[in-house]
Amino acid sequence: MTAALGRETPVVVRAVDELWLVARPTALCCARLFAASVSQRWDLVPGVASVVDAALVELTAHSIATTSGAVSDELVLRLSLYSEAVGVEVWDTGSVDPDPRLAGARVLAAVEGWGSTVHGHRGRVVWCLVATAPAGSGLGEGLC
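For the sequence shown, position 51 (counting from the first letter as 1) is numbered 78 according to my numbering, and the numbering increases by one without interruption.
Fair warning: there could be bad hints in the mix.
To be verified - With beta-carbon atoms standing in for the labels, derived distance ranges:
1) G96 <-> D70: 35 to 45 angstroms
2) S110 <-> P73: 14 to 24 angstroms
3) R128 <-> R41: 29 to 39 angstroms
4) S99 <-> C56: 13 to 23 angstroms
5) G96 <-> D44: 17 to 27 angstroms
6) H148 <-> G96: 36 to 46 angstroms
7) G74 <-> V38: 27 to 37 angstroms
Calculated from the structure, these hints are not laboratory results. Where is the CB? At the ideal position from N, CA and C, for every residue including glycine.
Using the sequences and the accompanying hints, generate a full structural model.
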């Protein structure tokens with residue numbers, strides 16, 4: 028993800044939160060509550076928090092729609108706070124790249140970058156980055 032942040036060197040992770048769920052439609056409500064809770068604890072500005080929420084819900088909905096729906100289909104929602112961005116990740120049991128229609132999702136137009144990695148028998152992760160503040164604005168300094 029550091030390339031999406033425009034950096035060659037690793038970025039410092041300031042905080043990480045995870046939520047484990049089963050890939051069912053009820054996970055969407057849980058994703059929204061998780062994003063709101065984490066955004067509040069990290070003191071994210073409302074505009075950033077709303078993009079994090081929308082991105083997490085979009086990626087969660089994609090995972091639910093593209094996994095088998097079995098009780099064994101787990102989702103791991105992970106939010107990571109970097110100095111200038113929030114990483115939004117959804118890990119699932121999928122074994123193929125994301126549905127190409129995900130690239131057309133309106134919420135992904137509001138993020139700094141997104142991608143996916145398939146980890147063979149361990150599943151896949153679909154992620155995106157949400158900028159916390161424009162470079163040099165100082166808005167991200169109070170986070171965490």
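Quick rundown of the hints versus the structure:
1. Roughly 37 angstroms separates the CB atoms of G96 and D70, a value that falls within the hinted 35 to 45 angstroms.
2. The beta-carbon spacing between S110 and P73, approximately 20 angstroms, falls within the hinted interval of 14 to 24 angstroms.
3. Checked against the hint of 29 to 39 angstroms, the C-beta distance between R128 and R41 comes to roughly 33 angstroms, which is consistent with it.
4. Distance hint for S99 and C56: a CB-CB separation of about 21 angstroms, consistent with the stated range 13 to 23 angstroms.
5. Range check, G96 to D44: about 26 angstroms between beta-carbon atoms, so the 17 to 27 angstroms window is met.
6. Judged by the Cβ atoms, the range 36 to 46 angstroms given for H148 and G96 is violated: they are separated by roughly 19 angstroms.
7. Between G74 and V38 the CB atoms are about 21 angstroms apart, so this pair departs from the stated range of 27 to 37 angstroms.
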